[in-house]
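Asker: Letter by letter, the chains look like this.
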Amino acid sequence: MLAAAAVGILVVMALALVRAFRGPSICDRILAVNMIGTKTVLLIAVYGFLSGRPDFLDIAITYALINFVGVIAALKFIERIAASPPPTRPEEL
Amino acid sequence: MNDDIVLTVIGKLLIPFILLFALYVQFHGDFGPGGGFQAGVLFAAGIILYALTNGTAAAMRLIPPGLLAPLAALGVLLYGGVGVATMLLGRHFLNYSVLAQDAVHGQHYGILLIELGVGITVAAVMLLIFFAFTSRED
Amino acid sequence: MLYFLLLFAALFGFWLLLSGYWANPLLLLLGLASSALAAWIGTRLEQSDTRGYSLRMLLRLPGYWVWLVGEIVKANLDVVRRVWRPHTYPISPVIGHLPLSQKTRLGKTIYANSITLTPGTVAIEVSDDAVMVHALSESAYADLAAGDMDRRVTWAEGRSG
Amino acid sequence: MTEALLEPALDLASLLLLSGGVFLGITGAVGVLRFPDFFTRLHAAGVTDTLSAGMILAALMLQAGLSLISVKLAFILLFLLYTSPVASHALARAAVHAGVKPVDAKPGESSSPS
Numbered sequence: 001m002l003a004a005a006a007v008g009i010l011v012v013m014a015l016a017l018v019r020a021f022r023g024p025s026i027c028d029r030i031l032a033v034n035m036i037g038t039k040t041v042l043l044i045a046v047y048g049f050l051s052g053r054p055d056f057l058d059i060a061i062t063y064a065l066i067n068f069v070g071v072i073a074a075l076k077f078i079e080r081i082a083a084s085p086p087p088t089r090p091e092e093l
Numbered sequence: 001m002n003d004d005i006v007l008t009v010i011g012k013l014l015i016p017f018i019l020l021f022a023l024y025v026q027f028h029g030d031f032g033p034g035g036g037f038q039a040g041v042l043f044a045a046g047i048i049l050y051a052l053t054n055g056t057a058a059a060m061r062l063i064p065p066g067l068l069a070p071l072a073a074l075g076v077l078l079y080g081g082v083g084v085a086t087m088l089l090g091r092h093f094l095n096y097s098v099l100a101q102d103a104v105h106g107q108h109y110g111i112l113l114i115e116l117g118v119g120i121t122v123a124a125v126m127l128l129i130f131f132a133f134t135s136r137e138d
Numbered sequence: 001m002l003y004f005l006l007l008f009a010a011l012f013g014f015w016l017l018l019s020g021y022w023a024n025p026l027l028l029l030l031g032l033a034s035s036a037l038a039a040w041i042g043t044r045l046e047q048s049d050t051r052g053y054s055l056r057m058l059l060r061l062p063g064y065w066v067w068l069v070g071e072i073v074k075a076n077l078d079v080v081r082r083v084w085r086p087h088t089y090p091i092s093p094v095i096g097h098l099p100l101s102q103k104t105r106l107g108k109t110i111y112a113n114s115i116t117l118t119p120g121t122v123a124i125e126v127s128d129d130a131v132m133v134h135a136l137s138e139s140a141y142a143d144l145a146a147g148d149m150d151r152r153v154t155w156a157e158g159r160s161g
Numbered sequence: 001m002t003e004a005l006l007e008p009a010l011d012l013a014s015l016l017l018l019s020g021g022v023f024l025g026i027t028g029a030v031g032v033l034r035f036p037d038f039f040t041r042l043h044a045a046g047v048t049d050t051l052s053a054g055m056i057l058a059a060l061m062l063q064a065g066l067s068l069i070s071v072k073l074a075f076i077l078l079f080l081l082y083t084s085p086v087a088s089h090a091l092a093r094a095a096v097h098a099g100v101k102p103v104d105a106k107p108g109e110s111s112s113p114s
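Residue numbers (full-length UniProt numbering), protein chains in the order written: chain F, 1 to 93; chain D, 1 to 138; chain V, 1 to 161; chain Z, 1 to 114.
No wet-lab data here; the hints were simulated from the structure. Every residue, glycine too, gets a C-beta built ideally from N, C-alpha and C. Hints may contain errors.
If you want a taste of the chain V side facing chain D, the calculated C-beta under 10 Å gives, among others [unchecked claim]: (1) ALA10; (2) TRP15; (3) HIS97.
Taking the hints into account, I'd like the entire structure generated from these sequences.
Answerer: Below is the structure:
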């Protein structure tokens with residue numbers, strides 16, 4: 001049952017990966033990567049139960065945290081780039 | 001960079017708990033997965049989240065960058081100091097068994113101190129690198 | 001000082017639940033020290049958004065969350081319908097500004113996050129008196145525009161006046 | 001006696017929650033693939049982030065019973081519910097600033113903030 005759930009989560013991640021490759025915008029890719037990140041957290045939790053080692057939950061929390069900070073960092077970076085070239089977006093400056 | 005209400009507020013509410021989680025990982029290194037390196041990264045990630053959401057200037061007020069290089073050195077010093085202490089007590093470098101009355105407790109304290117040194121250094125160096133990159137752009 | 005003590009107590013409770021070693025004096029001591037350090041850093045943050053909230057808000061929020069969970073379930077089912085049966089339930093995206101009535105930045109944040117947490121509506125930009133929303137369907141937008149969620153968050157905020 | 005009945009009941013509830021969570025996750029992923037533009041995909045991703053994650057973690061909580069493991073699972077759920085709307089909001093905001101245009105979105109009626 002848990003193994004089936006783990007496979008299901010992997011399927012979700014694979015589908016999200018297709019979106020990450022297809023894009024088209026950078027935001028679509030980050031959306032997909034963020035989705036893979038939250039699914040990874042669930043996968044680690046399920047795998048912890050599957051292997052009978054619930055201390056994996058600490059790793060899941062750590063991963064969730066790093067994933068969140070990473071996504072926010074990537075988005076801040078995009079906003080900064082979007083705000084920088086004056087000819088395309090003059091209203092930003 | 002203009003201010004985003006949601007990000008600034010959430011950033012502030014999360015940080016104490018992220019830092020506490022980092023310290024929890026730090027001190028439970030020999031009970032479960034974890035240890036100094038992960039804890040240092042998590043601690044730095046908490047401060048970096050604050051810098052991203054509330055601005056680098058606010059983060060530099062919270063953790064003065066001038067403090068970071070001494071802290072990084074302190075971590076290495078702690079690591080080396082434990083090793084030298086074990087040598088002074090007549091054993092090999094980092095043979096913790098002599099740090100307490102019995103070997104088990106000695107190992108325990110030794111690992112705790114070593115991991116603390118690793119954690120401090122990793123967190124300080126990560127923040128140093130982060131500040132070095134962000135302050136160059138502003 | 002009160003803020004420090006409250007934060008310290010919350011953080012130490014968090015530590016106890018994470019750790020599980022309640023009989024190990026060394027870990028308890030380290031927990032107290034860690035909580036003190038994290039709470040001290042917490043009190044040194046920019047304080048404009050985290051201070052000055054009434055106890056009333058803490059008491060009212062759980063009731064609001066119960067209502068919100070119901071809304072999240074309903075909104076999820078709506079989006080699921082639109083994913084699997086796009087011909088019977090077509091999407092009709094709407095983008096627009098809605099007024100908000102919360103007075104504090106924390107209140108506005110709770111409202112914006114509630115909007116985003118219910119699938120079908122996403123808060124794009126929050127300003128002082130309005131929130132820019134993208135909705136998957138006209139009905140989702142109309143539900144939000146009716147203002148029920150806005151009123152409930154303002155009630156939970158507890159600053160009527 | 002009740003123990004013997006409670007155990008299979010919990011297992012069944014856990015199984016239902018787990019399969020429901022995975023179904024919702026796949027639904028969200030299909031939505032992310034099928035919806036026409038970035039903003040509509042954001043709503044589909046919201047399904048996997050909220051109810052799907054909640055149901056899977058709730059299923060694990062039922063298996064763990066009343067223990068600190070359940071508390072940690074609850075922390076993970078709280079953290080996800082706390083941060084996923086922030087990430088979605090930041091994504092939407094960055095997309096608007098980067099000039100990603102929503103495809104044929106109508107303007108809302110009660111617009112014009114004062």
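Asker: Look at each hint and say if it fits the structure.
Answerer: Here is what the structure says about each hint:
Using the Cβ-Cβ criterion of 10 Å, the hint placing V:ALA10 at the interface with chain D is satisfied: the shortest such distance is roughly 8 Å. Taking 10 Å as the C-beta contact cut-off toward chain D, the hint placing V:TRP15 at the interface holds, the least distance being around 6 Å. The interface hint given for V:HIS97 is violated, since its Cβ lies 15 Å from the closest Cβ of chain D, which is over the 10 Å cut-off.
Checked against the numbered hints given earlier, the structure breaks only hint 3 and satisfies all the rest.
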